[in-house]
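Enquirer: All chains, please: the whole structure from these sequences, using the hints.
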Amino acid sequence: MASKDVAPVLAKEFVTVKIDFDRAKGAKDIEKRYIDKEQGLPWFAFLDGDGKALVHSTGPKGNTGFPSAPEEIAHFKTMLETAKHHLSDQDIAFLVTSLEEANRKK
Amino acid sequence: MILQLLPILLVMGGQAPPPAPQATPAAPVSKPAQPVRKLFNDTADPKAQIATAVAGAAEDDIRVLVVWGSNDDERSANFTKVQRAQEVSGPRFFSDEYKLVYADVGRADKNLEVASGYGMKLAADALPAFTVLDKTGAVVQRATAADFAGAEPVSLDPKKFAAFLTANQAAAPDADPPFKAALSQAKKDGKSVFLWFAAPW
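In order, the protein sequences belong to chains L and W.
Using this note's numbering, read the first sequence as starting at 1 and increasing by one per residue.
Using this note's numbering, read the second sequence as starting at 1 and increasing by one per residue.
Don't read these hints as lab results, they were simulated from the structure.
Just so it is clear, CB atoms sit at the ideal spot from N, CA and C, and this is done for glycine as well.
Distance ranges between label pairs, derived from CB positions:
1) W:L112 - L:Q90: 48 to 58 Å
2) W:K188 - L:A74: 31 to 41 Å
3) L:V96 - W:R37: 36 to 46 Å
4) L:K105 - W:R37: 18 to 28 Å
5) L:S88 - W:A163: 49 to 59 Å
6) L:E100 - W:D176: 34 to 44 Å
7) W:D109 - L:K37: 52 to 62 Å
8) L:E38 - W:R37: 28 to 38 Å
Below, a sample of chain L positions facing chain W; criterion: calculated Cβ distance under 10 Å:
9) L10
10) A11
11) D20
12) D22
13) R23
14) K25
15) D29
16) L41
17) P42
18) L54
19) A83
20) H86
Expert: This is the structure we're talking about:
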């Protein structure tokens, strides 16, 4: 997310806020607003400006975490398509490809 | 194989097999030497190492521990024992609370200008020395090996070290202000919020 290529594309659509789930006071309360059961880390959600969840990283097979398996990347793509206002199809394709490449490098 | 299984069989209450015939002692096989992991990179630029660690600490709202030492210094090399000790590894100081930097200072005769920039006056007989930095790179605390002297020669006491780390770790951040700020910014810019729960590790 912080990479030079990816960060500006995500910034077209999102204001990113990273919360240290284990250390930050109130982190668990914020997560509970969006999902009942505590998830593994990382867990993420896309929200609108009023704090309403648009979609989150718990897909049909559970929390995708950092998306690496094909079905996890597919869920992330669905998330982007659900939330998009500013991202183009090319942007989404780029983000998906960057995940696939990161996975191949592992 | 039988000899290797013998203790297991005895523990399990099985009958011990008859003694195996004495084997002719085999010629010793020389094993390749295990590479020793060096803590201190003697070609790295400690300024750059510290800058990277401070950037990471800022992102995670944690602190940096700079260990000034040398691979040639026995007490510096023994720092791994402190890291592995339950008092230090249990609370996960080095995965959750501190970014760790090993800054090579030779026998207190190398990179001294970098160390002195953090107010460290290094002596060869007091390595490793330690500097805690906050997320802006400002000095929070300084210490030397003498502050953590263990019972054994050239050892560091894990209990004393854990107390030092606890006393100097960053206060737990509050999740609400950055969360609210992100929502406010997103609303203003017509964007969405990417809310990401993670951990420093």
